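Please put together the full structure from these sequences, using the hints given.
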Amino acid sequence: AQTVTQSQPEMSVQEAETVTLSCTYDTSESNYYLFWYKQPPSRQMILVIRQEAYKQQNATENRFSVNFQKAAKSFSLKISDSQLGDTAMYFCAFTSYNQGGKLIFGQGTELSVKP
Amino acid sequence: EPEVTQTPSHQVTQMGQEVILRCVPISNHLYFYWYRQILGQKVEFLVSFYNNEISEKSEIFDDQFSVERPDGSNFTLKIRSTKLEDSAMYFCASSEAILRGADTQYFGPGTRLTVL
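Note that the protein sequences, when read in sequence, are chains A and B. Numbered per our numbering, the first sequence finishes at 115, counting up by one with no gaps. Numbered per our numbering, the second sequence finishes at 116, counting up by one with no gaps.
Everything labelled a hint here was simulated from the structure, so no lab data went into it. Please read all numbers here as calculations on a predicted model, not as lab measurements. The beta carbon of each residue, even a glycine, is placed where N, CA and C say it ideally should be. Incorrect hints may have been included.
In silico DSBU-like links for lysine-lysine, alpha-carbon gap of 35 Å or less [to be verified]:
no. : chain 1 : residue 1 : chain 2 : residue 2
1   : B       : 57        : B       : 42
2   : B       : 42        : A       : 114
3   : A       : 114       : A       : 70
4   : B       : 78        : B       : 42
5   : A       : 78        : A       : 55
6   : A       : 78        : A       : 114
7   : B       : 57        : A       : 55
8   : B       : 57        : B       : 83
9   : A       : 78        : B       : 42
10  : A       : 73        : B       : 42
11  : A       : 73        : A       : 55
12  : A       : 70        : B       : 57
13  : B       : 78        : B       : 57
14  : A       : 78        : B       : 57
15  : A       : 73        : A       : 114
16  : B       : 42        : A       : 55
17  : B       : 57        : A       : 73
18  : B       : 83        : B       : 42
19  : A       : 70        : B       : 42
20  : A       : 55        : A       : 70
So these bits of chain A aren't anywhere near chain B, every CB distance computed over 12 Å [stated by the list, open to error]:
no. : residue
21  : 20
22  : 24
23  : 58
24  : 73
25  : 78
26  : 81
Short derived list, chain A residues pointing at chain B, Cβ under 8 Å [said to hold, decoys possible]:
no. : residue
27  : 47
28  : 99
29  : 100
30  : 101
31  : 103
This is the structure:
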């Protein structure tokens with residue numbers, strides 16, 4: 001069975017600094033998709049970034065980028081120039097064609113950006 | 001920008017009562033999902049729905065749960081006889097069907113269900 005693990009329950013970073021959130025996953029499939037979602041205090045789930053496993057290039061969205069290491073089954077999120085609005089819970093998630101649409105989430109990392 | 005909407009934002013019910021949670025997916029999406037998140041825990045998949053039938057369901061999605069697309073815009077989750085442990089945030093999500101379930105899912109704001 002596929003699993004997603006986020007080993008950092010909480011992290012903090014100073015405003016304008018860079019922070020990296022870790023995520024590892026376990027799967028026997030070769031073609032799959034990975035996501036980072038942000039959940040601010042409002043509890044809305046907001047897509048941050050998406051990575052296709054068949055792409056070697058790491059995905060980037062403005063200040064957000066990933067370090068996708070397929071062999072190590074690692075998918076970390078880097079937030080550059082952290083802003084107060086980045087304070088949220090961040091969830092890593094996995095899916096593939098064989099999941100029938102099911103997103104498998106990690107436990108989440110609560111990020112606090114301090115002024 | 002199109003978004004998924006959910007009603008109500010907060011529902012309080014008595015144990016044993018039936019509740020219906022409503023969602024309006026993004027209009028050109030064909031895959032629909034329900035997830036739940038018990039306070040302080042991770043998000044758990046309940047069910048996916050495509051072409052008017054369930055595509056996948058989790059162990060949580062037992063006989064007391066059902067989903068329906070009653071018309072061209074709404075997608076509902078019914079809990080027939082609520083239990084205390086059903087108290088959670090319920091998220092609806094939708095996606096295109098280009099990758100048949102592997103498309104990016106867009107979430108609604110959630111319905112907070114409180115069972116007393």
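Which of the numbered hints are not met once you compare them with the structure shown? Checked against the structure, no hint fails, so every one of them is satisfied.
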